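Below, each chain spelled out in residue letters.
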Amino acid sequence: MIRRRKEDERVHVAAELVGNTLVIRLQGELDMHTVEEFKHEAERYLMDKRVKNLVLVLSKTSLIDSSGVGAILGRYRTIKERGGTMIAVGLRPVVKRILKLSGVLNVVETAESERRALARL
Amino acid sequence: MIRRRKEDERVHVAAELVGNTLVIRLQGELDMHTVEEFKHEAERYLMDKRVKNLVLVLSKTSLIDSSGVGAILGRYRTIKERGGTMIAVGLRPVVKRILKLSGVLNVVETAESERRALARL
Amino acid sequence: MQAVPQDKSRAGRIPENEVQLLFTSKPENVGFARTAVALVASQRDLTVDQLDEIKVAVSEAVSNAVIHGYRDTSGMIQVDVKLYEDELEVVVTDKGTGIEDIEWAMQPTNTTDKSRMGLGLSVIKEFMDDLTITSRPGAGTRVYMAKKLAPASRP
Amino acid sequence: MQAVPQDKSRAGRIPENEVQLLFTSKPENVGFARTAVALVASQRDLTVDQLDEIKVAVSEAVSNAVIHGYRDTSGMIQVDVKLYEDELEVVVTDKGTGIEDIEWAMQPTNTTDKSRMGLGLSVIKEFMDDLTITSRPGAGTRVYMAKKLAPASRP
Ligand SMILES: Nc1ncnc2c1ncn2[C@@H]1O[C@H](COP(=O)(O)OP(=O)(O)O)[C@@H](O)[C@H]1O
Ligand SMILES: Nc1ncnc2c1ncn2[C@@H]1O[C@H](COP(=O)(O)OP(=O)(O)O)[C@@H](O)[C@H]1O
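Residue numbers (our numbering), protein chains in the order written: chain L, 57 to 177; chain W, 57 to 177; chain Z, 32 to 186; chain D, 32 to 186.
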């Protein structure tokens, strides 16, 4: 029996360490419900003290609301404490607008692709 | 601006004539609403009197309810009048069950693939 | 299957989730209703087949309310969804024409509309684990259906 | 933006479609609500961006009902969707705590919950064309929002 992925309600968080940069690929919709999963997974990866920078790949993130923005800013704070840089990649237009409106894009850089983001760090 | 295809509510009907066999590829969900589009498009292609057989490709048909079954049987009647054969291809398990329950599979054959269906005609 | 006026008793059982939909009897809302019910159902880890079965059953009951319940008129259709640990309950209610003879209507191929096949209720019976219809001619129809689910696995 | 008790008058205008959702104030229903509203909206030929904007706005209003309206309690949230020829209206109602000072709440960064950013209502203002809040402390909150749509192209 094929079990379907509950992508609409759940986020899926995948991560990879490239040097001292953590790359998090976020899939799904980030709201007050799914944000718990994102926070939990991101914190687990950030426990690794080698992590200085964070590249957040949002090309498969279809929605972020203000609860999601809060969670992203929380991760930014951790990176800032470590003197690192955070770059967001692959923003859909409406995701970009909410990150701009909320001031996230004043502190988090954006890049066209994961490769370019990594090249900049 | 990217306009999204309203695939969930609309069916999409594509057709191709292979010899005297009409191949109809049906995409979407077939219910009392979308069935009108299916009937209309299918009848348009069936006006071509060369058409004797019908291969109905359902691999992208995610749902058929009893209104949809009625519309499929209607097309079968046209084919039968012409002395032709109708073959359904690519049935999802639940689509297969409703076509069986309704007796459609007593008169309409099934095949694993479009290629095999055409080879049989 | 008997048409009894009471649903299976769920006394003392509290649903894990409860959603109600209320919408006008338009053909395009049949798709809305089945997808919305599937959205609630998919808060549980179901198979594609289970979701398809639920969608088809909801499609039949809501289509009946549009086609037979409100016939050439128009009215509101209510869909109540309750998600229990081991069961999904869906109740589709209309305030339309009602059914004269429920037992007759439940038989496959019986229909009061010659353009149709009389299969909708049989399809619901096939795809759900419980089906109970209550109806009063001139007042409306209530179709209760339930599907057993594997208990939610707690992470 | 003033918090006036009346919506924009729609006297004499009949919606093309009308759907109501009623559900328990659970976090997982925020996703259900925005997707269900988007399902109705997508009966019209909208852009992906318009649908995303509607989804985010609904997400904010329903989240507020869950987080602020019902806080540590639980209750029912009602979402009324009306699809007009040139506009989508969504009204989110809860019977929760209510808002003491609506004008204050509408200002960006103002929040009564320090764990939050006070951005939800600003996001709705940004993504919808109309936002009107009515509320009575202890009785509940009603968030009316509307988005202009291009008139439906008749085939
Ligand atoms: N909601 C309803 N309101 C009034 N009559 C109904 C309703 N649902 C079913 N019926 C009656 O029951 C009959 C059988 O229904 P069904 O098995 O779904 O087949 P069909 O829709 O093809 O007629 C219908 O023809 C109709 O007379
Ligand atoms: N449905 C509601 N019920 C009670 N209070 C609300 C509701 N919606 C908004 N509020 C109040 O308005 C404030 C601002 O809301 P908002 O801009 O969405 O930001 P946030 O949710 O981040 O606090 C909230 O902190 C809360 O005090």
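In short, the hints are calculated from the structure, not lab data. One thing to keep in mind: the hints can contain errors.
[Stated by the list, open to error] List of simulated lysine to any residue pairs, SDA-like, C-alpha gap at most 20 angstroms:
1) W:K116 <-> Z:T66
2) Z:K113 <-> D:G149
3) D:K57 <-> L:E93
4) W:K108 <-> W:L174
5) L:K152 <-> D:G149
[Said to hold, decoys possible] These stretches of chain Z come out as covered by chain W in the derived footprint (C-beta under 8 angstroms, 3 or more residues):
6) 83-89
7) 106-115
8) 121-130
9) 152-159
Note that the coordinates shown come from a computational prediction; the quantities given were computed from them, not determined experimentally. All C-beta atoms, glycine included, are put in the ideal place defined by N, C-alpha and C.
Self-check item: Agreement of W:K108 and W:L174 with the hint, judged by alpha carbon distance not exceeding 20 angstroms
Solution: holds (12 angstroms)
Quiz prompt | Given hint D:G149 paired with Z:K113 - CA-CA distance at most 20 angstroms | solution = Between Z:K113 and D:G149 the Cα gap is close to 33 angstroms, so the pair fails against 20 angstroms, i.e. violated.
Self-check item: chain W over the stretch 106-115 of chain Z, status - at least 3 residues with CB closer than 8 angstroms
Solution: Three-residue rule not met by the stretch 106-115 of chain Z, so violated; n is 0.
Quiz item: Quick one, are D:K57 and L:E93 close enough, alpha carbons at most 20 angstroms?
Solution: With Cα atoms ~16 angstroms apart, D:K57 and L:E93 stay inside 20 angstroms; holds.
Exercise. Examine the stretch 121-130 of chain Z: at least three residues should have C-beta closer than 8 angstroms to a C-beta of chain W.
Key: violated (count 0)
Quiz prompt | Verdict on chain W covering the stretch 83-89 of chain Z, criterion of 3 CB contacts below 8 angstroms | solution = holds (count 4)
Quiz item: How does the coverage statement for the stretch 152-159 of chain Z fare against chain W, requiring three or more residues with Cβ below 8 angstroms from a Cβ of that chain?
Solution: holds (count 4)
Quiz item: Does the alpha-carbon distance linking L:K152 and D:G149 stay inside the 20 angstroms limit?
Solution: With a Cα-Cα distance of about 19 angstroms, the restraint between L:K152 and D:G149 holds, given a limit of 20 angstroms.
Exercise. Please work out if W:K116 and Z:T66 have their alpha carbons no farther apart than 20 angstroms.
Key: Cα-Cα ~17 angstroms, so holds.
Hint compliance for this structure: hints 2, 7 and 8 are not met, and every other hint is.
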